[in-house]
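Chains as they are written, first to last, in this note's numbering: chain A, 879 to 1171; chain B, 1289 to 2501.
Derived by calculation from the structure, the hints in this document are not laboratory data. Accuracy of the hints is not assured; some may be wrong.
Subject to a maximum C-alpha distance of 27 Å in a straight line, what follows is the list of computed DSS-like cross-link-like pairs (lysine-lysine) [what the hints assert, rightly or not]: (1) B:Lys1595 <-> A:Lys986; (2) A:Lys990 <-> B:Lys1597; (3) A:Lys1018 <-> B:Lys2045; (4) B:Lys1850 <-> A:Lys884; (5) B:Lys2289 <-> B:Lys2045; (6) B:Lys1853 <-> A:Lys953; (7) B:Lys1848 <-> A:Lys1088; (8) B:Lys1614 <-> A:Lys1008.
Covered stretches of chain B (in silico footprint by chain A; criterion: 3 or more residues with CB under 8 Å from a CB of chain A, positions within the stretch not fixed) [unchecked claim]: (9) 1599 to 1606; (10) 1882 to 1895.
By construction, the Cβ of each residue, glycine as well, lies at the ideal position given by its N, Cα and C atoms.
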Amino acid sequence: MELVIKNLTKTYSNKVKALDNVSLKIGVGMFGLLGPNGAGKSTLMRTIATIQSPDAGEIHFNDINVLDDQLSLRKILGYLPQSFGVYPKMSAEQLLNYFAVLKGVSDKKERKELVNQLLEITNLQDVKKKNVDGYSGGMKQRFGIAQLLLNDPKLIIVDEPTAGLDPAERQRFLNVIREVGTNCAVIFSTHIVEDVKELCNDMAIMNGGKILKHIKPAKATKEISGKIWTKSVKRDSLEKAEQEHNVLSSNYNVDNTINIRVYSDKKPGVGFKKTEPQLDDVYFIALKEDQKK
Amino acid sequence: MFLNIFKNEISYWLDRPAFYVYSLIFLFIAVMTSGSAAGLFDSVTVTVGSSRIVNSPFALSGLFAGLSTLVVFLYPSIIGVSVYRDFKSEMHTILYSYPFTKLEYLLAKFFSGIFIVHIIVLLIALGIGLGFNLPGTNPDLLTEFDIKPYFDAYIIYILPNMLFTGAIVFGIVTFTRNISAGFIFVIIILILQGFLVSFGQEQENRLVAALLDPFGDMALDYYTRYWTVAEQNELYIPIKGVFIYNRLIWLSVGLAIFISIYRLFTFSQNAFTFSFRKKDSVRFTKSNFGGITKINLPKIQLSFSNKTKFNLLWRLSNIDFVYIIKSWPFISIVIVGLLLNLVGLFELGNIFGTATLPRTWRMLEAGAPFTLAINICTFLYAGLLIHRSRISNINQLIDTTPTPNWILLGSKFLAIVKMQLVLLSLIMITGIIFQIYKGYYDFQIGLYFYELIVLNLIYYVIWALLSFFVQTLIPNPYLGLFVMIVLLIGIPLTSVAGIEQSIFKYNQGPGFSYSDMNGYGAGLENYFVYKIYWLSLGIVFYILTILFYNRGISTGIKEKFKIAKSRFNGKNPFFLSLFTLLFISIGGYIYYVNNIINVRKSAKEREIETVEWEKKYKKFESYSQPRIVSVNVNVDLFPKSRNVSASGKYVMVNKTKDVIDSIFLNHNRGISTFEFSKENSLVLEDTIYHFDIYKLKEPLIPGDSLNLNFTVKNQPNTFLRNNSPVIYNGTFVNNFTLFPSLGYSGGELRDDKTREKYGLPPNKLKPHPSDSTALGNTYISNDSDWIDFEAVVSTSKDQIAIAPGYLQKEWIEEDRRYFHYKMDSKILNFYAFNSADYQVARDKWNDVNLEIYHHKGHEYNLDRMMKGMKAALEYCSENFSPYQHKQARIIEFPRTSGTFAQSFPNTIPFSETFGFIADVDDSDEGGNDFAFVVTAHEIAHQWWAHQVIGADVLGATMLSESLSEYVALKVIEQVNGKNKMRKFLKRSLDTYLTQRTFETKRENALMYNDGQGYIHYQKGSLIFYALSDYIGEKVLNQTLSKYVDKVAFQSPPYTTSIELVDDLREVIPDSLNYVIKDMFETITLYENRVLKAESKELESGKYQVDMEFRVSKYRNDEKGKMFYGDEERDSIFYKSDDMIKPEYSVYLEDYIDVGIFGDEDNNELYLKKHKITSINNKLSIILDEKPVEVGIDPYNKLIDTNSDDNRKKVESL
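Next comes chain B alone, as it looks inside the complex (with noise of 0.2 Å):
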């Protein structure tokens, strides 16, 4: 019997219509996103370069699983349906009288719909192999076809996800005999899923989250996410330890599920519903025998005029209003959405662990997530809207009265925008709690509002006018749904096939984002020009939805399309050829100024223009250039308008030992004049790459000066266009932007592979520090060393303009304030311009004036600025070199413009989100106080970066960023004590390990590194600490200092890694030779780890602790490659009689830190770096205290791949 029900299932589903279109969807996604990734689309788009290998056996697994788990959307049509189809029919009235057990019945239901998702699987599978054997893909990206990773997930992910997924689902819908109740199922699994994988961000929750993670995905997680490109280029996926639990784990609440259907399930049952109220049950006998009633009804009025019509479209949509809100299906999303909107509200916009204050713009980006609610509620409903009377075959009765298509499409329409206000509204009730129960009453109802109601609102809108049109189409309201998600996720994606405009793409164009100090900005202009221009197509789809709105009984498309016909009358033309007319039109207009009045170059062509550029003029890098030693500007910044004009003279001297005859120019794509003291011709003017050549007719001989003034102001700003950098409030602008520069400005193609693609040689990204050549300019900066500075900045009368100097004169002149500032000491060529309506708090350090322009209403922070300016600045002034400057500033601008921060010279851009609205924790739970950090970080960079600066080769930015980051760790171990650095240490540790496994290029060794942020913020402050530890923090800052002495403002050429890291080796013992090879020289990780700490009280009262221990080290080439070291013999192992492989390390002569911890909060009972030399250690060590907790290397000074398995509490024997 069981075979007899499932080939008669297996047969239904080979007669859907619907089967076959599921099967082409996912396998066209399938082609494509293989494709896609191995370079299908190289040709009309850019290039995918890259050291990943796309099909490897880490990447293909999770492709496989990623795209299989999309076919949960499937799975309530498919898998839940089955029993329930009995009943819909009711052919459960007669199959139930057949002679089958009921396990028969429902295993052979429950696996025919398994059986038919295995199809669609498979046919994922032979998609993904397709599209990456596609002709005009990259072979460079793939490796050899191998079943073995198609297996593993198969086997490990996807085989026992449907079997869990598929008996919940089964079940749901079985019981509920309500499909849209397995959906919903699938969509809160769903998200509940993306809730564990942002939860597992966090590196305290990851093993739970690695348990609890349905689809395994986090547990996957726990293992590979420190996997290097190499590993994740060449490794099988793990398929051990938690792993294996979680599978089993959730193998066995399905296997519990179906075990529950069984008993549950009986071959009479009922649908299963939820009531509150009390079943009375009550016998009903009939009393209606024959009998002639007077039928006398009341004369009514019916009546058909517009007022009624449209009270009866309000009627109506609040009927249908009710349904949606009384459905399970819209609850349960209501339900988790909140209660996941709230979650997200505590961990989104925390950055080092450290919340920000709850603004009413971070509740409403919050609500993010909610937008895929709304959006799959609105594809739902308005396919089981228009559904509904036919599902319930009601559809007779209203199609046969007189209320017109209009109305009964409308009401629908109507019921699903009140439907997305809710939700909408839901978002601002969920942010106004938050705020309240962080007692935050500065709610901006008007910008909930705004933002909700009026930019939020269209979006859906034009989704939910499409949605009708395909849920008219298709009969089947879940294969309407599954094809809406598939538009909803499918267009944005369509850019990487080469389709790149927004108007080509429905409901696309540019977004809005609001910062407190911007509002808005101007690009709420393009918003809405956009909405109005997909509301037009929109609306053309909803009159199209009303001709072929299916009323009656139809069949047949030729039927369809002559009732249409017929239909395609009243208004209707009208308005059909008004809003198609609108949409072209506008659509036209944007494609006019975007493609003819501008031109707009593809991602292709940009590609194409980069090799160019390179082509032409790489060969004037080496020409000689007068260098820039003098800067005197005027700029104007005009923020209600939008614009800048200025004006300047560079002064600049022939420092080489050349005569030049020819200036390179560099300049922007605005309007700009140029004129030099010396006679000259321009030779070469490149409209497109803004390059410009003038031959001096006299040559400037060596030590010859030139001056060049200039005036460049901006394209000016037009309809859709932004050509400015100048916005209403909070402008920071900077001299790359707006100013000329000299010489071939570099910004070549990085990926080797595809620079041979055009025919480049191989790129050597930045010369090694070891080229003597290569030290002429610094890395910010190519054609100047030091330079004088002196700025005129005006800007409308309510803002304040800051450029780096000191305030020589201040004045107002025909409504503009001015400002002069000018510099008293040699800074970099590298300066910015700031505008907005300030506030200022001021403060002052010894005589060093602190001043912080703020936004009003941000002064949550200043006082922790203000702490980590004076700190930084007492730290660096004390222990490298006087602080150059006797004023420091910091200039908040809008998050729209980016979080981070930047020093100029005594002058440091400060982002709003990156520490004026910080909400900081000070209790030792707290994260970062990073209001605090980052100034102190900033203000170091006023010594490691504005008085040593790296010459522009490999490792630069260790003398910058590593060392500025590296202050920042001392101050905070100075404010919060060495013993609660861990937590800081772990932080970086945990970042640097997880960034760098998303490494396209290669990654050096901290001295040689090509400027990555992972390695020169978390490497180096975590290198720079422990050296600090290892040589005594006393003498690392008197070689630092020394260093400084040697090489602050010093003329090319200028220092590199080397020669610091070289100061650093005489001041260090032979005995730690070794840190400065694992340290700087190579990438080397530990793996230490305590196995075992036991204590024992003894008879004098003391403790005695023994512990177990081992100690590894491997090192990593440039892909994340392991080896243990250079040659055979530097290398050891270790194996005991349990372990099945050795465990290798690199020769081991190593000082690490054991540490023992007492009870009273933590408190060190014992810390001494003992000298390790093999693998597996033990240590014996008496105290007088309690201890409680053991460790090696406890506070993550080393770079270790498992940071927690450091310490062990103590078992006391």
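Only chain A is shown next, with the shape it has when bound in the complex (with noise of 0.2 Å):
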């Protein structure tokens, strides 16, 4: 099971290049897509998800190629986009089910039988007579769950699905695409580097239309450990450390020093510790050598 993705280009009328000569292997398991707001992993994973076409390229899922027949692609995606609304004055049953029927689940008792596991998965039992425009953010995106489960997919897009869900809300959520993604291909976008830690086999950071890393996170922290250096400094002078080092990140301490984070093959200066290299090191890395350029 793989997704192959060939220089797949594309530029909006306003000229942004969302895509940029784009290339990508996924196969089984969990991908994280990694990148800022704006990077184009929303337009990417559109693209994958058939509802928008690319000036250029290539998509193979499989045998499926599928710029040419979305329809079959179709048949076997589950995808749940950033955001999403619902009609009106319908319930989450209705809606599941009226889900269930467009994606070709045509038989009755097995509708109603999927439709009530799901409900039960995603905790939604309870509410399922409910309005679902009435949910709250976190029923929402479980509601978003549900429906992306209704036809048993083999390919799982999921664009920015933690943003704004309470913790308990967002590690609920992970653990259900956890569950279902161990035997097939999913995709999962996130500005969140946290999440594709806690998940993901195999990742890409995506940056201007561009993918500037595909690594496997466990590989990406091995590639850079015992480079990445950390040290308290005052807040008068982190403009001068930056200007000095690779300042990967910074953040206030309670006591109002800033703690920062250096990436450096040796040890950059006085004061400096080394530290356990972290995912958000890979991301920032990645994206500052893509800012130099």
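Given two chains presented individually in distinct reference frames, assemble the corresponding complex, making use of the accompanying hints.
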């Protein structure tokens, strides 16, 4: 099972290059697509999900030529967009039923059982008669997962699903995704590094419509092992430190000092301590390197 | 803050393309409407010829206000949406924390919308002004530019309407957060207004309608209803009384609504919804902490077979269908539509205030207002369904499901068709409910289904197909709806710009209409051909819709085309070419039939032909021709194949003193042969005007006779073309249609300005009756006087064929039925043939056989018609002269041939809707028993047309129509009694006063009338009725009787209105000479009214009535311009201290009824003609009984511009 993306390019009418010659191979398991806001993640995901057409390039999933034969992909696709609405005055049960019909679950009994099971999994059983447009963010996102699973998808695309969820909701969401993602390809876009770290066995970092880095998270941290340094500096000397060192990130400590992380092959200076690399570091290194070009 | 929000809103709109689309459309509509009214398209289509000034203050205010009314369709998306938009974009969460007050916010939002609408209204005004001044408009139709009417219309109509409707729409959309709800309100208010307009046609409802009309149209109508052409051309709209009250009422309603919006609105408010369930509030807590759930989904089978696809299509369409029928816009349209449909059922088809029976075809016809509702629902929901997923932002979920486009789109289409079926079936349901309510149980369910589901549904489906295409291309469903409404209204109007053929106009084509006698007739074939033609184009649009259907996210037109190209595969190219081909070939075929096989003439070409005809042949008008003295014809009618073939023989005599060397023969476009009994040569055969000239070898000397033997038959009927007057059941064809006639036959352009354009001299219309050289022909025929008549008519075996005359013999030969009729006395050269499957009702009056040939099932009013025949025969033979025939027959014909009756010698064809299915209400409140009245009128024509016939000069119809209608009134009077006549007289008066305002040429006095119905029927009957009151029925009838004796069956020169009026003058006392002048020689109108009526009981137990009333009269010239006398000294005036302007009158020495009425059934306590010499009058009368009401001319015998103020209730002191 493999999703192959070749030389995908898309330029919007406002001249923004959302996809710039993107090529990727994605296999079974969780694939994290990491990138800042506006990196082109959603465009890529929508293009894979057949609802946006690229200017050039190819997408293949197993033996399906996705751009030519959209319907075949849709049969095995589960897609959860970054944000979505629902028809007003329809309950979760009705809407799921509606989507089940749309997704080809034609047997009425099967459909009922399936919908019921999904409501159970997503913990929406108690509120299944309530209108979805009145749901909280987390409930709606769970509903999104439920509709995604209706057709037993082989390719799952979820676009920034954890944004705005409370910790419990987020955790629960990630667990469900993880659970279903064991034997199919899941593409998971996020700007939260944490999500990828916890979940993904493969990842890519994207910005400005380009794939900056495609790497396994474990390998990524190993690569920079021993090259991440940290130091606590005063607020006043932050600018100086930033000029002198390759500062990846900085954050306040409680005592108003600032903790900076620096990427360097050797110890950058006095007071720096070597520290364990994190996935965040990989992310910032990739973005920084891209910026330099 | 107000200004900031306001400016922000305005700049928002100025950035919207939709705003420019709306503006351009309205500018275009305004330019086209005013331009075409001013004759802009005269070069491509018929000339606009009229005495009406199209940019007169009255016309202009109406046009400006009318077009501005159309802007209400934009209110929901301009005014209504302004607050809702902040919610939709979730701006309100930020906005409402800003420091401004609710009032500032609401006012700014409301008035910014109003401001944007003003820009469009301003463009309409500009467009109108521009349209009138475009090069190519006709200056004769225009007056000088004047800004006041624009202001009047703006201040009085447009602004108040805008504030009132705007406030409601603003409130509705703000609270429901639903643009459609606002839109529905607009539709409902337009429908209600339409209802008020038709409600206000009845005189007694006019004040109520004037106050209630939210747009003020009926309030203006209240004052201008009787405005003559001159008044319409010159006067400014009257801003007074009821009109001002109406405006105040609706402005206050608007203000009240705005205040309630202000009070109800909160910055944190939720949408307003209707809920009939009790709201429980429950505290929700979360219990979903982490946890791993084992996911073990049941193994399901996904199916994508064709069977499941069709199942899916059906299921999805049901979901969309339920969405439609549960939505408020739909529900409100249905409720309002149903109510109006029911109300319409009560009103529609009423003739003279009398209902017709609720036949099923009538129920179907009453569903016509529903057409708009169904179309608007179709346009609206096509847009809402197409854009629904995008509006709800659920489209990304739906678009990634493996449902093919054709199912997503098809299900929506199917849902719309289901909705149309539901709406159509509502017409049936209301119809049946109404029929049951009326106690009428002949439901004709099959007819309901056939017309609604077969005939009507195609029409709506064709619109649905186009609206799917339009709504797919236009991202905003309300803009799409607007475009569709413009198309729906605009497409048929392209005729004024010279686009006349239906094949160029989407979903246009021949219609259909049903009659009990003839069903849908032969026209349905054409209907279906055109509908299949448009359906093919509709399907082409639908395939394009599939190609351009927006799935997923696409940006830019280029991408849309790219996607469309990639979708152009599979069966799409095949079907697209198939239906394009079908469309083009059917269209081509229709074009071929209409333009190449047959000569199609545009309205413009016909106008030019009329000009050419006159230029070429008018010179022969004065050539002497022989007169037809005997007609003997054989007519074979073939109802099944709808053909006619006939042969005949005319005997003609040279009655002139001249030698006649040529015969001018007019004939129809059928296939004919002509053979004269004298040697001749055909010197001219005109195949365009069908006018032939035969030169006789030996001229016809005075007194000599000549025979013409001819055969005629129709051109064969072909597919799409009907060339014959014969129909399946109920043929009614007269001699002018079938047979040749002699001499130049007239038929010239009437409008002098148009004539001038073509270099023709002004048209006299008809000669004046004093022109003694013009009295040689009757107004019925110009090639004969009185003839002998004999006919053999044959038809199919199951039908009866009728012609004037007495049945000599009837036989059947080879499956055909023959009837031989022969007239025993001379008749006018005016006869007709009828054929249908008739039942016959028979009766006798003295020794006259009475027969009614009627359709089986139409027996309802046979008794009334028999009674009408007898009453009129009785009245006329007693008062005027003996009846010249020994039979009188009424013959029914289908409503599809018209709603009228026509009197031929002893034979009266009578439309099925003009009496046969009248539902007469005999109570006092009931309307006119027109089955009885019309019969009496037609029978009276056997005297007043078939004994006495006027020369073909002005005023001729006074001698036939006015006198027949006078007989009808007298016969009603005999049945109902004198004091029940007011309702008939008032109705006639109202019809006269209303109809004369539509006059486009001129209105002459009764005795010089040009043949207008409102003069010779309504005014004529009122005048003869009043005259009989002044000089006595007996004196009048004796005079008429003597007149009949003098002129009946006369030879030329024929009698004229002058002759009769002179006879009348002889019997009229000198004191009443003014009556002749007022009634016959001039157009004179009274303004009589009671100002005060008081009574007190005297000590003697008697009552003293004190009344004050005014009498004044004025005259109109032929354009309706008011004047008070030929010279200054002929007029008088009155002015009391409290009057601003004096009141004028023509010099008065008039005798007018003063009446006082009592409690008991309004019984007459006092009725006497008083001599009135001044405008203001006071009277004191002592009575024995208690008075309730007084009146000046209380029965409305006189022509009075306000018949409602002639009576007044008495105040007891």
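Consistency of the hints with the structure:
Note on B:Lys1595 and A:Lys986: the hinted pairing holds, with a Cα-Cα distance of about 14 Å set against a maximum of 27 Å. This hinted pair checks out: A:Lys990 and B:Lys1597 have alpha carbons roughly 19 Å apart, not beyond 27 Å. Pair hint A:Lys1018 plus B:Lys2045 does not hold up; C-alpha atoms about 75 Å apart against a cutoff of 27 Å. Distance hint between B:Lys1850 and A:Lys884 is fulfilled; the C-alpha atoms sit about 20 Å from each other, no more than 27 Å.
For the suggested pair B:Lys2289 and B:Lys2045, the alpha carbons sit about 17 Å apart, so the restraint of at most 27 Å is met. A C-alpha spacing of about 23 Å is found between B:Lys1853 and A:Lys953, which places the hinted pair at or below 27 Å, so the restraint holds. For the hint linking B:Lys1848 to A:Lys1088, the alpha-carbon distance of about 25 Å falls within 27 Å, and the restraint holds. Simply put, B:Lys1614 and A:Lys1008 have alpha-carbon atoms about 18 Å apart, close enough for the 27 Å limit, and the pair holds.
With a threshold of 8 Å between beta carbons, the proposed coverage of the segment 1599 to 1606 of chain B by chain A holds, since 4 of its residues qualify and at least three are required. For the segment 1882 to 1895 of chain B, the stated coverage by chain A is not satisfied: 0 residues place a CB nearer than 8 Å to a CB of that chain, which falls below the threshold of 3.
Consistency with the previously given hints fails for numbers 3, 10, ordered from lowest to highest.
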